[in-house]
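A.B. asks: Take a look at the letters that make up each chain.
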Amino acid sequence: MSHAGLIEKIAEYFQNRSDVYLEAVARHLEISFVAAFIACVVGIPLGILSARGSKIRTFITGIFGVFRIIPSLAILLLCIPIIGTGPAPALIALSFLAIPPILINTTQAFAGIPGFLIETAEGMGMSSARIFFTVKAPLSMPIVLAGIKTAVTEVIASATLASYIGAGGLGNLIFTGLGLLRADLLLIGGISVALLSVSADFLLSCAERRLVRYRNPRIAST
Amino acid sequence: MIALSFENAVKRFPGATTNAVDHVSLDIEEGELVTILGASGSGKTTLLKMVNRLIEPDEGTIRLFGEDIKDRDPVKLRHGIGYVIQQIGLFPHMTVRENIATVPKILKWDKARIDARADELLALVNLDPAEFRGRYPAQLSGGQQQRVGLARALAADPAVMLMDEPFGAIDAINRSNLQAELLSIHGKHKKTYLFVTHDVGEALKLGGKVLVMDRGRVKQFDAPQRIVDDPADDFVRELLDSASGLRERRRGMNVGIL
Ligand SMILES: Nc1ncnc2c1ncn2[C@@H]1O[C@H](COP(=O)(O)OP(=O)(O)OP(=O)(O)O)[C@@H](O)[C@H]1O
Ligand SMILES: [Mg+2]
Numbered sequence: 003m004s005h006a007g008l009i010e011k012i013a014e015y016f017q018n019r020s021d022v023y024l025e026a027v028a029r030h031l032e033i034s035f036v037a038a039f040i041a042c043v044v045g046i047p048l049g050i051l052s053a054r055g056s057k058i059r060t061f062i063t064g065i066f067g068v069f070r071i072i073p074s075l076a077i078l079l080l081c082i083p084i085i086g087t088g089p090a091p092a093l094i095a096l097s098f099l100a101i102p103p104i105l106i107n108t109t110q111a112f113a114g115i116p117g118f119l120i121e122t123a124e125g126m127g128m129s130s131a132r133i134f135f136t137v138k139a140p141l142s143m144p145i146v147l148a149g150i151k152t153a154v155t156e157v158i159a160s161a162t163l164a165s166y167i168g169a170g171g172l173g174n175l176i177f178t179g180l181g182l183l184r185a186d187l188l189l190i191g192g193i194s195v196a197l198l199s200v201s202a203d204f205l206l207s208c209a210e211r212r213l214v215r216y217r218n219p220r221i222a223s224t
Numbered sequence: 006m007i008a009l010s011f012e013n014a015v016k017r018f019p020g021a022t023t024n025a026v027d028h029v030s031l032d033i034e035e036g037e038l039v040t041i042l043g044a045s046g047s048g049k050t051t052l053l054k055m056v057n058r059l060i061e062p063d064e065g066t067i068r069l070f071g072e073d074i075k076d077r078d079p080v081k082l083r084h085g086i087g088y089v090i091q092q093i094g095l096f097p098h099m100t101v102r103e104n105i106a107t108v109p110k111i112l113k114w115d116k117a118r119i120d121a122r123a124d125e126l127l128a129l130v131n132l133d134p135a136e137f138r139g140r141y142p143a144q145l146s147g148g149q150q151q152r153v154g155l156a157r158a159l160a161a162d163p164a165v166m167l168m169d170e171p172f173g174a175i176d177a178i179n180r181s182n183l184q185a186e187l188l189s190i191h192g193k194h195k196k197t198y199l200f201v202t203h204d205v206g207e208a209l210k211l212g213g214k215v216l217v218m219d220r221g222r223v224k225q226f227d228a229p230q231r232i233v234d235d236p237a238d239d240f241v242r243e244l245l246d247s248a249s250g251l252r253e254r255r256r257g258m259n260v261g262i263l
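As you go down the protein sequences, you meet chains U and P in turn. 3 is the number of the first residue of the first sequence in the numbering used here; add one for each residue after it. 6 is the number of the first residue of the second sequence in the numbering used here; add one for each residue after it.
Read the hints as simulated data drawn from the structure, not as lab findings. Please note that the accuracy of each hint is not assured.
What the hints assert, rightly or not - Listed next, with one range per pair, are the computed distances between beta-carbon atoms: (1) Glu32/U to Ala128/P: 17 to 27 Å; (2) Asn131/P to Phe69/U: 50 to 60 Å; (3) Gly46/P to Phe134/U: 42 to 52 Å; (4) Pro116/U to Asp239/P: 19 to 29 Å; (5) Ala128/P to Met143/U: 56 to 66 Å; (6) Leu112/P to Arg211/U: 32 to 42 Å; (7) Arg242/P to Met143/U: 28 to 38 Å; (8) Ala128/P to Leu51/U: 41 to 51 Å.
Source: prediction; values computed, not measured. By construction, the Cβ of each residue, glycine as well, lies at the ideal position given by its N, Cα and C atoms.
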């Protein structure tokens, strides 16, 4: 197949099947977003909890550290005998995949706040709730967000594989391309996933930068 | 009037074989600046933290203007007690103004009052309000940070100030400026101060009264001149000697360098 032919085919695909393509992109984003959201809902509170004591921390990070080592494809495949196939199992598998980076960063962020800072806050008569919302949370936010960024980019990439167990999304394009030996579909799917990943990373990096404006490098430390 | 009184206060930490604070009884007059002197581990910080209930005594009573602090809500009690520590503990994500506004905000002052108070306090600690109120702690030198820490502690006009080696990490020139400013602030407002230090010179210079502690006990509680002229025992005498010895050595070193 010539290059010219390939480009023509891609153009043709966008002309005739743009609805399918857009739906795949939307589905891919949806499943990634929902999985990242679930991972935040689980990972952030667990991270805050495990930052409180070293015993809880060893326990929680131990469990989720295991998910980190297992490759995402293996997690997805392991899910099939346990929870079957379809969108829901795919979501569960992706969420599990996204939890470790969020959990670990949240733990490090909260555990990394110096004790004397919290002690002065208490000494001034700030309540625990106030300390949490006005000191601990904002100070931890940039690191937590960095964890979310890692998780989101991981999920966007792995969601491609998840379509193998019925999640839908851009993975469908790629697997169809593989099945029918259609290079145009492979290219469209692959490049789209890469673009989504890069844009998510870019957006979250911008948010991260805004949050750490106060760390001014202009002044030398003493 | 007695601002603060300790009656047989004892604190023993779990697992410790001795009391960190051991049957301390003393009365501190309102408006007094008391410096607390003692070796590392002698219980100075523990004594201080019992006043704002960061540490609860195992025995004894601590009264603030006659009222047992055990009967007060710790959070509310602390709004009336300024607290400054060596590590300063400014919130890095808040500007100087926001840091100073910490307690006034809890007390729900309106914005205009907070702004006015922040500027007033910055001027009091010799920082130009226009230049400094919008800065973040990372944009301040150590000495400037501790000035802001002091301003923050003074914000809601507390009756008592607790200062735990506030100038310990600050260079000699800045430290002596800060000492002078602290004396002038104390002179203006006459609040009750408890000021912990390792430095005998600092304790004698700042203290209206000096409290010498050793292994949790009070060795002497007296005016600085009386401490120098009439040390209670060998421990206090040695403490003073060690300081003057240090001064000699410093002088010698300076000559060597120059
Ligand atoms: N949280 C704690 N748990 C157990 N022991 C403690 C605790 N805090 C202090 N101690 C012990 O109590 C004693 C008094 O400590 P404290 O911090 O009051 O001394 P200090 O005079 O402030 O010393 P420094 O000059 O080094 O700050 C020390 O023996 C210390 O080890
Ligand atoms: Mg101490």
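A.B. asks: Does each hint fit the structure? Answer for all of them.
C.D. replies: Evaluation of the provided hints:
The beta-carbon spacing between Glu32/U and Ala128/P, approximately 56 Å, falls outside the hinted interval of 17 to 27 Å. Restraint check, Asn131/P to Phe69/U: a C-beta distance of roughly 55 Å satisfies the suggested window 50 to 60 Å. About 32 Å separates the C-beta atoms of Gly46/P and Phe134/U, a value inconsistent with the hinted range of 42 to 52 Å. Taking the beta carbon of each, Pro116/U and Asp239/P are about 39 Å apart, not inside 19 to 29 Å as hinted.
The supplied range of 56 to 66 Å is broken by Ala128/P and Met143/U, whose beta-carbon atoms lie about 33 Å from each other. Hint check: Leu112/P to Arg211/U, Cβ distance near 34 Å, so the stated range 32 to 42 Å holds. Checked against the given bound of 28 to 38 Å, the beta carbons of Arg242/P and Met143/U, roughly 54 Å apart, lie outside it. Our hint of 41 to 51 Å for Ala128/P and Leu51/U holds, since their Cβ atoms are close to 45 Å apart.
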